[in-house]
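K.L.:
Top line first, the protein sequences correspond to chains Z and W. Residue numbering for the first sequence follows the numbering used here, beginning at 1024 and increasing consecutively. Residue numbering for the second sequence follows the numbering used here, beginning at 2 and increasing consecutively.
Just so you know, these hints were derived from the structure itself, not from any lab. Among the hints, a few may not be true.
Mimicking SDA-like on lysine to any residue, the simulated pairs with C-alpha atoms at most 20 Å apart in a straight line are [to be verified]:
| hint | chain 1 | residue 1 | chain 2 | residue 2 |
| --- | --- | --- | --- | --- |
| 1 | Z | LYS1131 | W | ALA88 |
| 2 | W | LYS43 | Z | ARG1105 |
| 3 | Z | LYS1131 | W | GLY42 |
| 4 | W | LYS43 | W | ALA88 |
| 5 | W | LYS43 | Z | SER1104 |
| 6 | W | LYS43 | Z | PRO1038 |
| 7 | Z | LYS1102 | W | LYS43 |
| 8 | Z | LYS1131 | W | LYS43 |
| 9 | W | LYS43 | Z | GLY1096 |
| 10 | W | LYS43 | Z | TYR1058 |
| 11 | Z | LYS1067 | W | ALA88 |
| 12 | W | LYS43 | Z | SER1051 |
| 13 | Z | LYS1131 | W | GLY44 |
| 14 | Z | LYS1067 | W | PRO40 |
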Amino acid sequence: DIVMTQSPLSLPVTPGEPASISCRSSQSLLHSDRYNYLDWYLQKPGQSPQLLIYLGSSRAPGVPDRFSASGSGTDFTLKISRVEADDVGVYYCMQTLHTPPTFGLGTKLEIK
Amino acid sequence: VQLQQWGAGLLKPSETLSLTCAVHGGSFSGYFWNWVRQPPGKGLEWIGEIYHSGKVTYNPSLESRLTISVDTSNNQFSLKLHSVTAADTAVYYCARGLRRGISPRYGLDVWGPGTTVTVSS
């Protein structure tokens, strides 16, 4: 299985400050169609995960433009330009290029 | 689109876990329908998916115990996991998956509320 490695595992952030989460995969997620099959999810406390970013860098409908993502191949980054209190939860990256799809262990964002 | 899921929440070891997910308010065809689970306090594990045509893909780690089926007439899909053990205790989610043409699947964009399943003697 493809191993997804996220860092950091815990991320305390002051409101208004930026935040960044790294995700590395054990194999390339770049398909011949030139898309990276890497998604980002946020699971808020007590809720189901919600899709933030798909295909490496495309924001899902309704996701604020404070969230952005980049990367290609095996290295990816999710950035929040200005963290708000509502952003707390666990962020997961997920690769879907290889079967089975696999998730990172998650990064818990908390407010300082 | 909303997903409604249901099934037995308490099982004994060796029994069969059975969950169903109903799709309300949107098209059933053209999407992949997934099951994902989350053990208590842990991360997410992809279980498997089914296309509206009935084509299934399973996680190899669960394949020998797993059956995912679809009922297109009622816009529902189901999960059966046989011979459960305590290690199968988790919150089980159903989710809609996206796909563009013949490219790989991506983006679980709609999720059900989750069903807590506990396996205990």
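K.L.:
Mind checking the alpha carbons of LYS43/W and SER1051/Z for me, to see if they're no more than 20 Å apart?
P.N.:
Not satisfied, since the Cα-Cα distance of roughly 25 Å exceeds 20 Å.
K.L.:
Mind checking the alpha carbons of LYS1131/Z and ALA88/W for me, to see if they're no more than 20 Å apart?
P.N.:
Between LYS1131/Z and ALA88/W the Cα gap is close to 24 Å, so the pair fails against 20 Å, i.e. violated.
K.L.:
Measure nothing beyond the straight line between the CA atoms of LYS1067/Z and ALA88/W; if it is 20 Å or shorter, mark the hint as holding.
P.N.:
Given that 20 Å is the threshold and the Cα spacing comes to 24 Å, the pair is violated.
K.L.:
Are the Cα atoms of LYS1131/Z and LYS43/W separated by 20 Å or less?
P.N.:
12 Å, holds
K.L.:
Does TYR1058/Z sit within 20 Å of LYS43/W, going by the straight-line distance between their CA atoms?
P.N.:
29 Å, violated
K.L.:
For a C-alpha distance cap of 20 Å, please report whether LYS43/W and GLY1096/Z respect it.
P.N.:
27 Å, violated
K.L.:
Holds or violated: are the alpha carbons of LYS43/W and ALA88/W at most 20 Å from each other?
P.N.:
Satisfied, since the Cα-Cα distance of roughly 12 Å is no more than 20 Å.
K.L.:
Is LYS43/W close enough to PRO1038/Z, meaning Cα to Cα at most 20 Å?
P.N.:
26 Å, violated
K.L.:
Within a Cα-Cα threshold of 20 Å, do LYS1131/Z and GLY42/W meet the stated pairing?
P.N.:
12 Å, holds
K.L.:
Take the C-alpha atoms of LYS43/W and ARG1105/Z, compute the straight-line distance between them, and say whether it is at most 20 Å.
P.N.:
27 Å, violated
K.L.:
Is the straight-line distance between the alpha-carbon of LYS1102/Z and that of LYS43/W 20 Å or less?
P.N.:
Status violated; Cα separation ~23 Å.
K.L.:
Is LYS43/W close enough to SER1104/Z, meaning Cα to Cα at most 20 Å?
P.N.:
With a Cα-Cα distance of about 27 Å, the restraint between LYS43/W and SER1104/Z is violated, given a limit of 20 Å.
In summary, the structure is inconsistent with hints 1, 2, 5, 6, 7, 9, 10, 11 and 12 from the numbered list given earlier, while agreeing with the others.
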